[in-house]
Amino acid sequence: MDINNVPQDDSSTYAKNKKAIYAKDEDGSVKVVGSTGWNAEETVTKQALEDLLEHEAEAYCEVKKGLKSTLYYYMYSIRMDLQVLSESTGFFKWTISRDFKPEVFAKISEKRLAVYAEAMGIASEKLIVLEEKNYECN
Amino acid sequence: MSVTEFKHTHSAHCESGVMSSMLRHYGLNLSEPMVFGLASALTFAYLPFLKMGGMPLVAYRSMPKSIIKNIQKNLNVKMKLETFSNKEKGVARLDALLDEGKIVGAQTSVYWLPYFPEEMRFHFNAHNLLVFGQEGDSYKVSDPVFEFTQECDKDSLTKARFVKGALAPKGLLYYPVSVPQEVDLNPIIVKSIKKVAKSMLNTPVPIAGLKGIKYLAKSIRKLNKKNKRYAKLFLGHIVRMQEEIGTGGAGFRYLYASFLQESSTLFNNDETLKEASEMFLKVGDEFREFALIVAKAVKSKKEIDYDTIADKLDSIADEEREVYKKLLEFCAQH
Chain W
291 MDINNVPQDD
301 SSTYAKNKKA
311 IYAKDEDGSV
321 KVVGSTGWNA
331 EETVTKQALE
341 DLLEHEAEAY
351 CEVKKGLKST
361 LYYYMYSIRM
371 DLQVLSESTG
381 FFKWTISRDF
391 KPEVFAKISE
401 KRLAVYAEAM
411 GIASEKLIVL
421 EEKNYECN
Chain Y
682 MSVTEFKHTH
692 SAHCESGVMS
702 SMLRHYGLNL
712 SEPMVFGLAS
722 ALTFAYLPFL
732 KMGGMPLVAY
742 RSMPKSIIKN
752 IQKNLNVKMK
762 LETFSNKEKG
772 VARLDALLDE
782 GKIVGAQTSV
792 YWLPYFPEEM
802 RFHFNAHNLL
812 VFGQEGDSYK
822 VSDPVFEFTQ
832 ECDKDSLTKA
842 RFVKGALAPK
852 GLLYYPVSVP
862 QEVDLNPIIV
872 KSIKKVAKSM
882 LNTPVPIAGL
892 KGIKYLAKSI
902 RKLNKKNKRY
912 AKLFLGHIVR
922 MQEEIGTGGA
932 GFRYLYASFL
942 QESSTLFNND
952 ETLKEASEMF
962 LKVGDEFREF
972 ALIVAKAVKS
982 KKEIDYDTIA
992 DKLDSIADEE
1002 REVYKKLLEF
1012 CAQH
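Note that the protein sequences, when read in sequence, are chains W and Y.
As numbered in our numbering, residues 291 to 428 make up the first sequence, in order.
As numbered in our numbering, residues 682 to 1015 make up the second sequence, in order.
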């Protein structure tokens, strides 16, 4: 790629940062150029984010309806899934799935809750309350 | 080891960036592309059975830590790598090393680094950065994929160092114990180029090297049997692994082209290497075209033509084969 073709699309996913791309300058030597973004890359990054956000919104509504515990929503809100949460806590997936039941999660031990809090970076007392969000649930 | 004032450099890849900055700091001046090349870090692997975030692993570069290890082996640099069983020890050790005036490499998660753009924060645990100082409650961080140095509060960096799970860093810190001040690069260049070319051409398993690219193309052809939402996410995932910060930029082909160009000057402007460098730049362009086609398909509401996308990938693999053959010609002459 020539230096002049390095995309400068000002992608929101870069948040005003620049990415180093190696490209060829006028003299034919390859060196680092800062790129402010590339639309193609932004498209696929946002696609992944939207997928995560969809999970988060669905989870929020399920918690609101009393079908799932707050843990289920917060897992998605920090871009985790059952796999990552299980690895981060060291808990078996099936035991986490049990904690997704509101009646089970309501009786969770403080010790177990603290493990979730640590792994998720959310304080225990916050983990058990659903935060206010503007998701439309029907 | 001589010590100069630390200088941050903007790099295309975290691990080669860290190693390049670190070696230069201790007196061995090697560019990022040179480090990447000497570590034979260029590769391709498609591991459909290994899932991350529900998506199969697609890698355009070697395994995490392999650059550190290969540089150590090939350049006779002695590195110390330390992991920790508990957080407190890990924090104390980093602080002590910084107090000694060292600059220290660290493996971290991306998600817990507050200076990362919000939209780039995913749970990927094999990021690399350099810590070059501390002030009050924060560390001075040289993250190679960022243009400028960053401040990172201690709690966040500690959290990022001690996440658990796939590729967990376990607080990994690394720094050189001895760095040769002069290295005869030429024989190492030949050896490392040969390694990349051979493994890309001849890997016996169908998931790695050029066979891996072909295998991925084949999987794309089968996507019409999957649901469309998954198909689009899978395609997008391939491109993210290729382009996103810290992971790619046309799958590192431009970076490798730069290495070949620099190497050519060390071999009296070797024409074969120059040509191979040009060829790799073109392959990099083709990878970006592939990304463009995918991005269009992801956005479009119409049916996706999976065969066209797969054809593109197939032709990239064929083009890349010619470059490796050229590189083996060079190796045969030296």
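Take the hints with a grain of salt, since some may be wrong.
Just so you have them, the derived chain W footprint on chain Y, three or more residues with Cβ under 8 Å [stated by the list, open to error]:
hint : region
1    : 799-806
2    : 972-981
Result set (EDC-like, lysine to aspartate or glutamate): computed pairs, CA atoms no more than 20 Å apart in a straight line [what the hints assert, rightly or not]:
hint : chain 1 : residue 1 : chain 2 : residue 2
3    : Y       : Lys-907   : W       : Asp-300
4    : Y       : Lys-963   : W       : Asp-341
5    : Y       : Lys-982   : W       : Glu-421
6    : W       : Lys-355   : W       : Glu-421
The set of hints was computed from the structure by calculation and includes no laboratory data.
Just so you know, even glycine gets a beta-carbon here, dropped at the ideal spot from N, CA and C.
Do the hints match the structure? See the list:
Given as covered by chain W, the region 799-806 of chain Y passes the check, having 6 residues with a CB less than 8 Å from a CB of that chain where 3 are the minimum. For a cut-off of 8 Å, the count of residues in the region 972-981 of chain Y with a CB near a CB of chain W stands at 6, and the three-residue condition holds. Of the supplied pair hints, the one linking Y/Lys-907 and W/Asp-300 is violated, its CA atoms being roughly 34 Å apart against a limit of 20 Å. At roughly 33 Å between alpha-carbon atoms, Y/Lys-963 and W/Asp-341 are farther apart than 20 Å, so this suggested pair is violated.
Taking the CA atoms of Y/Lys-982 and W/Glu-421, the gap is about 35 Å. The hint is violated against a cut of 20 Å. At roughly 14 Å between alpha-carbon atoms, W/Lys-355 and W/Glu-421 fall within 20 Å of each other, so this suggested pair holds.
Violated hints for the displayed structure, listed by number in ascending order: 3, 4, 5.
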